[in-house]
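As given, the protein sequences belong to chains P and W, one line each in that order.
The first sequence begins at 1 in my numbering and counts up by one.
The second sequence begins at 1 in my numbering and counts up by one.
A couple of the hints might just be wrong.
As the list claims (entries may be wrong) - Straight line, CA to CA, 30 Å or less: simulated DSS-like cross-link-like pairs of lysine-lysine: (1) Lys133/P with Lys67/W; (2) Lys26/P with Lys45/P; (3) Lys59/P with Lys26/P; (4) Lys67/W with Lys131/P.
These are computed hints drawn from the structure, not numbers from a lab.
Because the structure is a prediction, the values reported are computed rather than measured.
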Amino acid sequence: MIRFENITKNLGGKTVLNDISFEVEKGETFVIVGLSGAGKSVTLKHMIRLMRPDAGQIKIAGESIELMAKRPLEKIRAKFGVLFQSSALLQWMSVFDNVALPLREHTKVSETEIAERVNAKLAMLGLADAKDKYPSDLSGGMCKRVGLARAIIMNPEIVLYDEPTSGLDPVTSRRIDDLILTMRKELGITSVVVTHDLHSALAIGTRIMMLHHGKIVENAPPEDFIHSKNKTVQSFLASQYITKRGPWERGINNDK
Amino acid sequence: MISENPTDVESIFIRLTRRSGAWTLLFFQNTGHSLFMLLEAFRFIPHLIYRRSRSELLAQMYIAGIKSLPVISVVALFTGMILALQTGIELRRYGQEVYIGSAVAISTIREMGPFMTGLIIAASVGSAIAAQLGTMVVSEEIAALEVMSINPNRFLVMPRLVALMVMMPLLTVYTNVLAIVGGAIVGSTQLGVSVVAYMDNATRFAANKDLYVGLFKAIVFGIVIATVSCHQGFMTRDGAVGVGVSTRRSVIVSFLIILVLGYIITRLFYI
């Protein structure tokens, strides 16, 4: 579904991604973890060509996107929904209008149908009562959920999550995790999640890739990830008090 | 003091050359980006047939026009009053104070009206546009639009451009009227020129061409303010500090371009 081939990216004289290659299969929840500045968000931005690589090739559904023209790129981007770290909601629009925006811009469906679809998504995310509010009236967790509603309103094949739980309390974080799990189970959506939170990564991921100084140091299913022999992975696991048995097993036992 | 050491001189020369090269490159990059953005925004003007685009245009016209009225009123009135007082004091020495009507009307309609309106709109509306778009860049809202395949030049730039192109001439006419009224108040209360004599003098000497050139300037200034402030907003980097830098730059660059273009247009039409 998504294929990175020998991608290198330099920013401000620093190599952020150093010849990395990996593949995300259809239907999986692929989690990218790593320390700050490891290149996680940069990797995500390459998938939707918000950034272009200095070297290498990125293929989405078999099509190379680095030099793709505007129109075909729009078709590729239509496969994606993106939940940004800051939620990226348009501040002057209500929750309803934010979620309805892609439908109004890219479809010819009637306002009645738009209302039905938007209300359904908002209800699914527990936001039915918030549709007339503005982003400035919402909590961080609610903004993330509105961002998620907007990301999935066009029923994308792939959803990218940039730090979906950062800055949220543990209860809200787990709620977002559950939503990502639901998305995979019920809608079969392919997800790529960038996070610092290993508990979350182990709970939702079908595969976890760790980046360190722009290199891939591990790329394995969660069961194998926590048994990794790699010292960087071990120290990352230890930093979040994760042992080989822990609360993360909830996700695995739940038959992700 | 420049050192006699040739290597020092050489390094200073290399540094200067490198820096001027970088500035030149940046200048052309910014100009290129601004012009591309402007042309694309013009290309999207037919999208105003859609109701959503029109409602955004009306919102921008309200911000640029109605919300600017209080400050424009005060500035216009006092500009006319100052002009009348300064010219009236000099003309009274020759017993020609009745001519303040034409002096205020011509200088306002030709130059001061569009110029003052341009500066006020650049400082109030232009800076707000740069700050808003800059904040949208920092909070990834522009990236979100791109990912949703919503062209920011259509969605954000075009309504602001058209709003300023429409509102600038209207506000300029308003500025002209208030400045002339301000001049009449000073003329009748301070210089002994009746309102009738003042208005008669003002309308006798001011030509239609003065009004057309003034309004043409206003439209050009509207395009400049929209282009500069949107461009500066989109170029924002480095968080809240970057938003401040973009806002400041948008005002300075708009002021400079308005000054230079104001001179060029006057030169083209009157000499």
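Hint-by-hint comparison with the structure:
Restraint check for Lys133/P and Lys67/W: satisfied, since their Cα atoms lie roughly 25 Å apart, inside the 30 Å limit. At most 30 Å may separate the alpha-carbon atoms for a hinted pair to count; Lys26/P and Lys45/P meet this at roughly 19 Å. Proposed proximity of Lys59/P and Lys26/P is supported: the alpha carbons are some 13 Å apart, at most 30 Å. Between Lys67/W and Lys131/P the alpha-carbon distance is near 29 Å, which keeps this suggested pair within the 30 Å criterion.
Hint violations for this structure: none, all hints satisfied.
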